[in-house]
Amino acid sequence: MITKAQKKSQIKVITGNAAAAIAAKLARPDVVAAYPITPQTEVIEQISQFHANGEMDCELITVEGENSAMNAVTAASLAGGRVFTATSSWGLVFMYDAILATAGARAPVVMVNVNRETPGIIAVSSGQQDMISTRDAGWIFLIAEDCQEVMDLVLQAYRLAEDYDIQVPVMVHYDGFYLSYLSEGVDVPFQEDVDKFLSVLKTQPERTKLVPGGRLGCGSHGILGGYLELRHKHVSAMERAKAKFQQIDKEYEGIFGRSYGGLVEEYRMDDADVVLVGSGSMCGTIKSVIDEKREKGVKAGLLKMRMYRPFPSEAMIKALKGKKAIGVVDRSLCFGFKGGPIYTELKAFETKLGGSKMISFIDGIANTDITKINVATMIDTTCDLAAGKNVREVTWVSYPEAQEEGGL
Amino acid sequence: MTEKKKDNLTKVMDYLKHEDPFSKGVAFCPGCGLELLLRFIPQVMGNDIVITGTPSCSAPVLLGQNNQSWHKLSYFGTLMTGAAANATGLARYYRKAGIKNTVVCFNGDGTAADIGFGNLSGAAERNEPFIYICYDNEGYMNTGIQKSGTTPFGATTTTTPFGSASKGKNLRRMNLALKMAMHKIPYAATATLSDLDDLAQKLLKAKEAKKRGFAFLHVFAPCTTGWGFAPENTIEVCRRAVKTNYFPLWEAVNGKIRMTKTVKKPKPVSTYTELIKKFAHLTEEDLQILQDDVDYEYCMLGGLSQLEGECRLPASLED
Numbered sequence: 010m011i012t013k014a015q016k017k018s019q020i021k022v023i024t025g026n027a028a029a030a031i032a033a034k035l036a037r038p039d040v041v042a043a044y045p046i047t048p049q050t051e052v053i054e055q056i057s058q059f060h061a062n063g064e065m066d067c068e069l070i071t072v073e074g075e076n077s078a079m080n081a082v083t084a085a086s087l088a089g090g091r092v093f094t095a096t097s098s099w100g101l102v103f104m105y106d107a108i109l110a111t112a113g114a115r116a117p118v119v120m121v122n123v124n125r126e127t128p129g130i131i132a133v134s135s136g137q138q139d140m141i142s143t144r145d146a147g148w149i150f151l152i153a154e155d156c157q158e159v160m161d162l163v164l165q166a167y168r169l170a171e172d173y174d175i176q177v178p179v180m181v182h183y184d185g186f187y188l189s190y191l192s193e194g195v196d197v198p199f200q201e202d203v204d205k206f207l208s209v210l211k212t213q214p215e216r217t218k219l220v221p222g223g224r225l226g227c228g229s230h231g232i233l234g235g236y237l238e239l240r241h242k243h244v245s246a247m248e249r250a251k252a253k254f255q256q257i258d259k260e261y262e263g264i265f266g267r268s269y270g271g272l273v274e275e276y277r278m279d280d281a282d283v284v285l286v287g288s289g290s291m292c293g294t295i296k297s298v299i300d301e302k303r304e305k306g307v308k309a310g311l312l313k314m315r316m317y318r319p320f321p322s323e324a325m326i327k328a329l330k331g332k333k334a335i336g337v338v339d340r341s342l343c344f345g346f347k348g349g350p351i352y353t354e355l356k357a358f359e360t361k362l363g364g365s366k367m368i369s370f371i372d373g374i375a376n377t378d379i380t381k382i383n384v385a386t387m388i389d390t391t392c393d394l395a396a397g398k399n400v401r402e403v404t405w406v407s408y409p410e411a412q413e414e415g416g417l
Numbered sequence: 004m005t006e007k008k009k010d011n012l013t014k015v016m017d018y019l020k021h022e023d024p025f026s027k028g029v030a031f032c033p034g035c036g037l038e039l040l041l042r043f044i045p046q047v048m049g050n051d052i053v054i055t056g057t058p059s060c061s062a063p064v065l066l067g068q069n070n071q072s073w074h075k076l077s078y079f080g081t082l083m084t085g086a087a088a089n090a091t092g093l094a095r096y097y098r099k100a101g102i103k104n105t106v107v108c109f110n111g112d113g114t115a116a117d118i119g120f121g122n123l124s125g126a127a128e129r130n131e132p133f134i135y136i137c138y139d140n141e142g143y144m145n146t147g148i149q150k151s152g153t154t155p156f157g158a159t160t161t162t163t164p165f166g167s168a169s170k171g172k173n174l175r176r177m178n179l180a181l182k183m184a185m186h187k188i189p190y191a192a193t194a195t196l197s198d199l200d201d202l203a204q205k206l207l208k209a210k211e212a213k214k215r216g217f218a219f220l221h222v223f224a225p226c227t228t229g230w231g232f233a234p235e236n237t238i239e240v241c242r243r244a245v246k247t248n249y250f251p252l253w254e255a256v257n258g259k260i261r262m263t264k265t266v267k268k269p270k271p272v273s274t275y276t277e278l279i280k281k282f283a284h285l286t287e288e289d290l291q292i293l294q295d296d297v298d299y300e301y302c303m304l305g306g307l308s309q310l311e312g313e314c315r316l317p318a319s320l321e322d
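As they're listed, the protein sequences go chains A and B. The opening residue of the first sequence carries number 10 in the numbering used here; numbering runs sequentially from there. The opening residue of the second sequence carries number 4 in the numbering used here; numbering runs sequentially from there.
Worth flagging that the hints you see were computed from the coordinates, not collected in a lab. A portion of the hints provided could be inaccurate.
Not the full set, but computed from the structure, chain B residues with beta-carbon under 7 Å of chain A [claimed, not checked]:
hint : residue
1    : Arg-42
2    : Gly-80
3    : Leu-82
Covered stretches of chain A (chain B as the covering partner; in silico rule of three or more C-beta atoms under 8 Å from a C-beta of chain B) [claimed, not checked]:
hint : segment
4    : 77–89
5    : 98–112
6    : 221–229
Just so you know, even glycine gets a beta-carbon here, dropped at the ideal spot from N, CA and C.
Between the sequences and the hints, there should be enough to build the whole structure, so can you do that?
This is the structure in C-alpha cells:
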C-alpha cells in the first residue's frame, strides 16, 4: 500500500465501478453483501478479489439475491456494523420491501445503485428510473457526475449515514454504462486520510445496537403514537441531513482538497439568465456546451443536483431565484405527470423563484446519449422561453415524434 | 403409573436451566402449541440469544405488537421475505466483532416453506452460523388460516375450502425438513411438543452444531384455532402425528439421517385426522391419499437413514 508519506497523491485510471469498490474498501466495512447485476457487477467482483487477497477484512456474504443483500446488511448495521452493498435496476426493485424496512429501522446502510432502466428484461440501458421508483423509501439519495465523484460520495455517504444526528441509509447513484464502465483518472484517497475523515464518527455517542442479551428490540414500529413519533423523527433527520452534508463536504475539502459545493453544484450560475438543472453524468456534457454558449454571449448556467433526497429545495431556490428561465433535464419519467420527476418536484417551489419560467426536458433514457447537440437544443429552447416565445412545456429531446403527436 | 409420570416430568424439567423470559399472560390462543415452544426455547438454550421473527402468530408476543405481553429477549422483527438473510447479517457481524452469540431465526411455515424459502436455502447453502427454527402450523394461521406449502392434502383452509369441486387442499405437502437436510448442513431435525426431551436435546444439538454452521429445526406446532381441535388436545395431536408417522422424529448430523424415535406399529393416519376438524370432510378414499403420502415420505426417510457416510466440512473451514 502506498502511503501519503511516499507520495502526495495517487491518480489511477479506473472505472466508476472500481471507484465505488475502492471507496468501499477504504471505508473498512464490517459486512458486505454481494450479488451481481449488470452494470454493477464489477463493484462486487472487485470487492470479492480484495477480500480473497486479504486486503479487505470484512464478512463477505455472497447472497442468493438482492433482497437478501439488503436484509443482511440492514441486520448487520442494526447490530452495530459498518456495511456496504451495491445494486442496480431490477436488483434495487427486488430489494424494495427491504429498503423500506432499512429506512424504517434507521439503519445507516450505505449502498451504491448503478442507474439502469426498469421497464422490461431487455432494458439493459442507462436511466434513472430505478432511482425515481424508490425515491420515497426514506433513504438519502446522492448522485455522482463522474468517477471521482463516485469515490468521494461513497466516502461522504458513510459520514452522513452513520452520523449520530442523522442515522438514515444513504444510496449513492451513478449512471450505468456512462460511468460504471467509463475509465478516467481518479485521485484515490490514502487510507490514512480516509481513516481520519471517518474517525469523527468514533467521537460521537454510540448509536443503539442490537446485542445478544441486551433486552432490545428492533424492527417493530409500534402503532398509533409510537409510529407517528418515529416517522416524524425520520422526516426531521432527513431535513437535518441537508446542513450536515454541506458541512461534510467542507470537511472533505479540508482533508482531500475537493469540494463540490454540497447539496448542489453551481456552474457559471452567478450571472446566468438561463439555467439547466441536471444530475449525474449528463452534467459534464452540459458544462462543456455552456462554455461554448458563453463564448457566443449566451448567459447559461448549470445547477447540478448532488443530493436528490432530501430534496434540496432551499439551495435550489437560492441558486435559481430571479433567473429568467429554467430547463429541467430528467433522465426518467414521472408517470401520471407530463414532465419529468425532478421538474415536477421543482414546480412545487415555482412561486418562490421570483417569476422564473420552467420547462421540462426528457432525455437520456434507455441509453440515448444526451449529446452536445441535444444540450444545445435545450439551452436554445430555454433561451426562447426566457425571451417570451411560446415553447412546449415538455420536450422529449431525442424523440421528436413525441412533439408531433401533440399529446403533451 | 403416577411414579412413571413424575420421572418423565423430571427428565424434561432437567433441560430447563434458564429463566422463562416471557411474562405470565401472553396473547396466544388458549391451547396454542407455539406458546409452549416459544417459552421452551430460551429456557433450554439460554436467555442470551437474539431471536428474530416475522409478522406471524409469534409477532404479538415476540415482536412488540401487543404491549400487554412481553419478554426480556433481544429480538428483531424482520420481513417474511428476508428472515434468514437478516439472521445472516446479525450472525456475521457478531462473528466479525467477536461477540459471542446465538441467533435464533424463528419463523412459521409461511416464511420458511413459502415466501422466505429462497433466502432460507441461501443461508443453508452458505452454512451461515445461526439456528433456524420453523414452527409448522401448516398454514398462515395469523392471517386467518390460509394454505401454505406444508398444508397437507385434504386440509381445509380459507384459500383451500372444501366444496363440490374441491377436497380442501388438492395438492400434497412439501417436506421442508428433508429439503433442508439435502443442503448438507451440520444439523437438521424435526421435533414436536409431545416429545419435549427430544426437542430439548435437539435444541442443544443445534446450538452445538451452530459452531460448525447452519442448524435447522422443524417443529410441528398444531393450531387449535386454525385446525379445529379442542385446546386441551394440542399435545395429543402432536403425539398422534408421531405415532402415525404423519410427523416422524429424526435428525441429520452432517447429513447423516437417523430416526430419533421409531414407532414400532404405526397407527393409520385416520387416528390422527379424527381429532381435527380440517380433515372432517375427507372420505376413506381421500384419507387413503393422505395415508399414501405419509407412507411415501416415511419410506423415503427410511431409505435415506440407511445411507452410510456423512458430509462434514474439513476442520479448517469450520468457524
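Of all the hints given earlier, name the ones this structure violates by number, lowest first. Violated: hint 1 alone.
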